[in-house]
Amino acid sequence: MAEPSTSASISVEINGEVYEREVDARRLLVHFIRDDVELTGTHIGCDTGNCGACTIQLDGQAVKSCMLLAVQADGSKLRTVEDLANDDGPNPLKQSFSSHHALQCGYCTPGMLMSATALLEANPRPSEDEVRTAIQGNICRCTGYQNIVEAIVSVNA
Amino acid sequence: MLLREVEYARPGSVEEAVELLAGHEGARALAGGQTLVNVMKARAASPDVLVDLNRLEELREISVSGETLVLGAMATYTQIMGSSEVQVARPILCEVVARIADVQVRNRGTIGGNVCSSDPTNHLPPLLLALDASFTIRGSGGERTVPAADFFLGVYMTAVAEGELLLSVSVPAAGNAADGFAAVTIGREGTCIVSAAACLGDAGTRVAIGCVDAVPVLIEPDGTEPDAVRAAVGAAGLDPPSDVHGSAEYRRHLAEVCALRAVQQASERGR
Chain P
1 MAEPSTSASI
11 SVEINGEVYE
21 REVDARRLLV
31 HFIRDDVELT
41 GTHIGCDTGN
51 CGACTIQLDG
61 QAVKSCMLLA
71 VQADGSKLRT
81 VEDLANDDGP
91 NPLKQSFSSH
101 HALQCGYCTP
111 GMLMSATALL
121 EANPRPSEDE
131 VRTAIQGNIC
141 RCTGYQNIVE
151 AIVSVNA
Chain Z
1001 MLLREVEYAR
1011 PGSVEEAVEL
1021 LAGHEGARAL
1031 AGGQTLVNVM
1041 KARAASPDVL
1051 VDLNRLEELR
1061 EISVSGETLV
1071 LGAMATYTQI
1081 MGSSEVQVAR
1091 PILCEVVARI
1101 ADVQVRNRGT
1111 IGGNVCSSDP
1121 TNHLPPLLLA
1131 LDASFTIRGS
1141 GGERTVPAAD
1151 FFLGVYMTAV
1161 AEGELLLSVS
1171 VPAAGNAADG
1181 FAAVTIGREG
1191 TCIVSAAACL
1201 GDAGTRVAIG
1211 CVDAVPVLIE
1221 PDGTEPDAVR
1231 AAVGAAGLDP
1241 PSDVHGSAEY
1251 RRHLAEVCAL
1261 RAVQQASERG
1271 R
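Sequence lines, in order, name chains P and Z.
Read left to right, the first sequence gives residues 1 to 157 (the working numbering).
Read left to right, the second sequence gives residues 1001 to 1271 (the working numbering).
Don't read these hints as lab results, they were simulated from the structure.
You can trust all of the hints, since none of them are fake.
Residues from chain Z that face chain P, not an exhaustive set, calculated with beta carbons under 10 Å:
| no. | residue |
| --- | --- |
| 1 | T1035 |
| 2 | V1037 |
| 3 | Q1104 |
This one's a predicted model, so the numbers in the text were calculated from it and none came from an experiment.
By construction, the Cβ of each residue, glycine as well, lies at the ideal position given by its N, Cα and C atoms.
Based on the sequences and whatever the hints tell you, model everything.
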């Protein structure tokens, strides 16, 4: 991709599956995930990089997928909230969100879960302060955050 | 959001990146994208060609050469926060980048993007001016190094001209110097309303104040006593902008407050 072009053929691994698509250079990664690959668990909240509802992992790091172009993810490994699903019921983080009533409308939840997942993988027993720092880029307008923080602190406590 | 149509190129080397930037009208370097992609959404910037620097690993290097810390322009905030070289050579950098935005933005945002966007509310321009950093720029004519005092030229304007690329930022190792940083922000760690960075070193007291002009304002108080700092802020004759977050008068007040706090923090550390 050394020559400028308005579109490119990309190969992206999402949740262990490889997707090859032709995309416009101007396409945001979040639209690629939701509309091209049809993984609609990743939400679009503000579309200005503030709310964090579109948070995914790119090569192991939490990022906001509305602030990346799809072409930039070429050759990368992505994880979306769908990767937290399994056949045996909710994973411990999602179970903790449920038992702590850490969601109300649920719109921010996919982003919260992905930020929390990145935190817990690096730091399995975070303090309340560490949790608050980790989810600073995720806005929730229902809960007031308290239950979300408790849910994340409690996962491996 | 649908962006305006744009061309995209991903160079494999710095040489190729400079060729692309110099060879295409309306070309712009894409670093972390945490500012640029957003301003493209708002149509505040409409580059014709994006030159993506994210695969240029040589621009992510952080190293110490003699008494100088060299930060590659594509070093992310997260990388800087976790760098033992930075922690040893100039720990204030780790502290300040840890206050920028949030985890996701810090994972992508870069020191080069921060300084090249030259947004008056950014944390790093005043800090790097106080620390007397220098900036290495490459264009088709070769490389040059620009001191911080000549790097920030205006709102969104720096010494990096069209067709040029910022390669690295060099910061003197702290040695005997002590640094401080203070800001009043929107929310706990949001955008700065006013910021100030202080460096107490062999060359005296350097304080750079952000958000009060198009570029950070350097003042050099005669010592670290509060009265000396107040006098220097007063003598600077600041004429800050008014906006929804603060009037000019309030910013002038905060400039003194932040300068005092930054110098005090540095003094306490220097003891």
